[in-house]
Amino acid sequence: MSKAAVSGIIIKRRLMLLFVVMAATVLALLMRLFYIQLVIAGELQAKAWEQWNRSIPARSPRGSIYDRKERLLAGSASAQSVIALPPQIQDKEEAARLLAPLLEMEESRVLELISRRSATVYLKRLVDEETAFAVRKLNIRGIAFSQETRRFYPHGSLASQLLGFVGIDEGLSGLEHFYELVLKGRDGRIEFESDGRGRRIPQGVQSYIQPKDGNDLLLTIDQTIQYIVEREMERVMLSSKPKGIITIAVDPRTGEILAIAGKPDFDPNRFADFPSERWKLSPVTNTFEPGSTFKLVTLAAALEEGKFNAREGFFCRGAITVAGRSIGCWTRGRGGHGAISFEKVVLGSCNPGFITIGQRIGSEKLLSYIRAFGFGVKSGIDVPGESTGIIFTEKQFGPVEAATTSFGQGVSVTPLQQAMAVAAIANGGYLMKPYVVKQVRDSEGNVLEKREPQVVRRVLSGETAREVTRIMELVVTEGSGINAYIEGYRIAGKTGTAQKVGPGGVYIGGEYILSFVGFAPAEDPQILIYVAVDAPQSGPQWGSQTSAPMFRRMMEDILKYLNIPSAKTPVNEAPRMVEVPDLMRLSLEEASDVLETSGLLVKFIGSGSTILNQTPKGGARVPLHTQILVYLGGEAAGEEVTVPDLSGKSMREAGEILGWLGLRMNFSGSGIARSQSPAPGTRVPANSVVSVEFRNPGGP
Amino acid sequence: MRASPKKKAPDFVILFTVMTLLAIGIVMVFSASAIIALENRADVYFHLRRQVFWALLGLGGMLFLSNYDYWKLKRWVNALLVVNLLLLLAVFIPGVGVEINGARRWIMVGGFTGQPSDLTKVAMVLFTAAYLSRRDVNVQKFMQGAFPVLAVMGVFFALIMAQPDLGTAIAIAGATMIIVFVAGMPYRQILAIAMCGLPLLGYLMASKPYRLRRLLSFRDPWADPLNTGYHIIQSLYALGPGGLFGVGLGRSRQKFFYLPEPHSDFIFAILGEELGFIGTASVLSLFFLLIWRGFKTALMAPDNFGMLLAAGITGMIGLQALINIGVVTGSIPVTGINLPLISAGGSSLFFTLCSVGVLLNISKYARV
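The listed protein sequences derive, respectively, from chains G and V. First residue of the first sequence? That's 1 in my numbering, and the numbers climb one at a time after it. First residue of the second sequence? That's 1001 in my numbering, and the numbers climb one at a time after it.
Bound conformation, chain G alone (with noise of 0.2 Å):
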């Protein structure tokens, strides 16, 4: 070999190099080999897990919700939802014009969804089934269908604000938010391996993991009252057209709520068309002045402390003065009460009287018994949203807000508070915690959960509760809650006005919040009911006008479809026939004075504030709750004016009715008014003639 060449010991040793070299690089690979597969395997394997898996959610059908007598409230029905599976989409942009208009979505939005790259994407929840049999009929490679449930509440808005609504997936509001975890149940899935394209692997594993069903929730509400109450609500949101109304009825001997409504409420089956102030449950969350059904309160706490004695005398001058302030009674314009007994403090809701019995038991002593009637603090019901009320510290609580809170002002409280404040007094004074939910169930009808009645704390002596509610008895015989009044029952009743606190604390002047609250039968209280009506704005704005009767016909139903028999022994019972007072150019303010223990209704027509007119005339003798016009002019002639509603009365009534309006009649037949054109409630101009048609009772 010359010494030019390759020299071989060169190659040999460049070999050996190159060699070890490349053993290393082996070696190295082979760690790494190692390191992947048997080290991190475990984690790239669950990745990889991730990748593979697709899944089709299988949602579980959500629990239903029924009445005390297994009533349904609100259900779910089958409905499905239209799934694109994107890869198995051939023509993306065929697939999305034909869809787009079935689905009544844009194309463009169709199109953007099944070209997206990813196994499965909801197209369109909860379809119709006339869309899916449509969706169906194209036959497009990639659309799937899932079926899941819809809510439907098949008697709208009954209840609404109790039972709240479902959005896509989740209870929002009323007992549908609150109980969501014990209705939801669990979702299932369809899971399979799905290769590179998101398609199923043919022989890949795939999974059925079933949906647990909802459990369903069996209410205390009974639909029958819940309907009657909210019939009766209904009725007055149409004639005195208020800003909303509130019922509570509840069982006081278990704290149980059998119908429990705020209006104006909402269809739940399409909760989106109405306003959200509408969702929430307003006789819960809701706070006002409680007036003076809270003095119901006072007097219990009164007689309990031996500070109350019914026939001693009292004298009420229209105002007392409490540290140097002076606080009137609503009868201050006629110069008070005059001298009364303390039952007729009670009767008569003679403030005065009140701030005296108050100023009795002492400041502290009131307030501890406030708070052990549930005032201040929240009742612990089982609906969302409920409020705590406000009730004042033993700091704040001077002479001046004790002598308020006697009679219901400055306190703020919720319907529901001063419903079991008074159910307290019905059951013999134990203050029960409300609740609507009686049992939980399970989808195969098993009882899962009972709720028993509770007693949170013992309030009132047995013969203290008695001696309220007799005095609650007489209310409704003979005082401002005759209209309340039940023939052959024993009511035990009190009204309410208190004057609205706008925000600020300020009162708004002339709008009161009317309420009523009683308990029937009083020998033995089965149900309760509180009603409270906010701000009429037609009508007379007085409690024993407005919510006493609302009351009287909600519990007169209630009554005769629970079967209660009517007293065996009436204790109190009110006059059958009573006699019309005189109403002739009394203002307002007196005109109420007079009526509020007349047992009579009153209709306003006109708008003025004096009467001018009245029929029947003052000392005809009417039965009880017969209805009396007042006219009260402020009409001005050559004007229009609103058609009154004559059906049922006498001729010479109708006659007289029209005349104050300025309309004439033209009659046909004899007897009572039957019909009548223009209808009640047309706008004519004055000098009208209304035809009206009077019929014999009893005849053709």
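Bear in mind the hints are in silico, worked out from the structure with no lab data behind them. Accuracy of the hints is not assured; some may be wrong.
As the list claims (entries may be wrong) - Here are the simulated DSS-like cross-link-like pairs (lysine-lysine), alpha carbons at most 27 Å apart as the crow flies:
id: 1; chain 1: V; residue 1: K1074; chain 2: V; residue 2: K1007
id: 2; chain 1: V; residue 1: K1006; chain 2: V; residue 2: K1296
id: 3; chain 1: V; residue 1: K1072; chain 2: G; residue 2: K12
id: 4; chain 1: G; residue 1: K69; chain 2: G; residue 2: K280
id: 5; chain 1: V; residue 1: K1364; chain 2: G; residue 2: K12
id: 6; chain 1: G; residue 1: K12; chain 2: V; residue 2: K1296
id: 7; chain 1: G; residue 1: K12; chain 2: V; residue 2: K1006
id: 8; chain 1: G; residue 1: K12; chain 2: V; residue 2: K1008
id: 9; chain 1: G; residue 1: K12; chain 2: V; residue 2: K1141
id: 10; chain 1: G; residue 1: K450; chain 2: G; residue 2: K280
id: 11; chain 1: G; residue 1: K69; chain 2: G; residue 2: K212
id: 12; chain 1: G; residue 1: K12; chain 2: V; residue 2: K1007
id: 13; chain 1: G; residue 1: K378; chain 2: G; residue 2: K365
id: 14; chain 1: G; residue 1: K378; chain 2: G; residue 2: K395
id: 15; chain 1: V; residue 1: K1074; chain 2: G; residue 2: K12
id: 16; chain 1: G; residue 1: K241; chain 2: G; residue 2: K280
id: 17; chain 1: G; residue 1: K365; chain 2: G; residue 2: K307
id: 18; chain 1: V; residue 1: K1072; chain 2: V; residue 2: K1364
We have chain G; now place chain V onto it with these hints.
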């Protein structure tokens, strides 16, 4: 010297190793390609049939070359280079060259498609070994030794890069450099070339930032899982679940359109998924065995040409295998080199087997 060496039996370890890898390859090509073959060509056996065809053709070539005295190959070197050059040019002639996915690497002759660049691997190894073993060439002198080889390689490199086919170009450059290195190119020359190359590399990276990103994505594939990191992530998703024993032959999930090219560049990942660490370690060991016996053949070759040729062939196969496994395990950037003897490869498999035939022939003349 030429006729003097005694002819013995070929190195059976090499034969055994190659046949085993070939068999594993055929099985794995079938397993890995069945799903995509069914989807894309409605024929489960499409790639299997091709692999078997090229394997048989290659075995024929191997048998012939193992009995064809290797020193006679020198005669054909120049002709082979010229023919190869023409074929590489023909790739760009429409009608002869075939364009697939924007790359022109193939020519079609009588219904068969082949990559002329696969021939280049053999041709360059032959040429380099033949040239550097010439007595009148002083490898110590750059202009005599490394330069002419690098110049010829540069022409082929440029033509292959124009296809473009980075992986094959790197393999050819690598194998050529291995021979130049083994032949004794002085270290200072190597250093000097490296110093010249670095600024060029730096310029290429700086001018197109995505190149650097792509190059470095193997370090953290999850930074960009849908683009630059996609191949590596999918490869790891195959290797990881494989674990120690694998999910079982034929039961890969990653071959269901997750891993691109499951039967060619990433076949090793599918092998790792189906056969586990046992499988990957075995295949790696077989390659190690082949490299060891290949270098042993080189060490014991009777002349410099035989030494350099055996080193070049072994280096070529070993380098490709190590780069491929490096890519599949996410250890180095994705290059596009397939796994010799295992990947579905067509003409690549044929020429690999042919070069093994040459190696076997050299082993017959091993000095004791």
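Evaluated hints:
1. V:K1074 / V:K1007: Given pair V:K1074, V:K1007 holds - Cα atoms ~19 Å apart, limit 27 Å.
2. V:K1006 / V:K1296: Satisfied, since the Cα-Cα distance of roughly 17 Å is no more than 27 Å.
3. V:K1072 / G:K12: Between V:K1072 and G:K12 the Cα gap is close to 23 Å, so the pair holds against 27 Å.
4. G:K69 / G:K280: 25 Å, holds
5. V:K1364 / G:K12: Holds - the C-alpha atoms of G:K12 and V:K1364 are around 19 Å apart, at most 27 Å.
6. G:K12 / V:K1296: 10 Å, holds
7. G:K12 / V:K1006: Given pair G:K12, V:K1006 holds - Cα atoms ~21 Å apart, limit 27 Å.
8. G:K12 / V:K1008: 22 Å, holds
9. G:K12 / V:K1141: The given pair, whose Cα atoms are some 19 Å apart, holds under the 27 Å limit.
10. G:K450 / G:K280: 26 Å, holds
11. G:K69 / G:K212: The hint holds at about 25 Å.
12. G:K12 / V:K1007: 22 Å, holds
13. G:K378 / G:K365: Holds, at about 21 Å.
14. G:K378 / G:K395: Holds - the C-alpha atoms of G:K395 and G:K378 are around 21 Å apart, at most 27 Å.
15. V:K1074 / G:K12: 22 Å, holds
16. G:K241 / G:K280: 20 Å, holds
17. G:K365 / G:K307: 12 Å, holds
18. V:K1072 / V:K1364: 15 Å, holds
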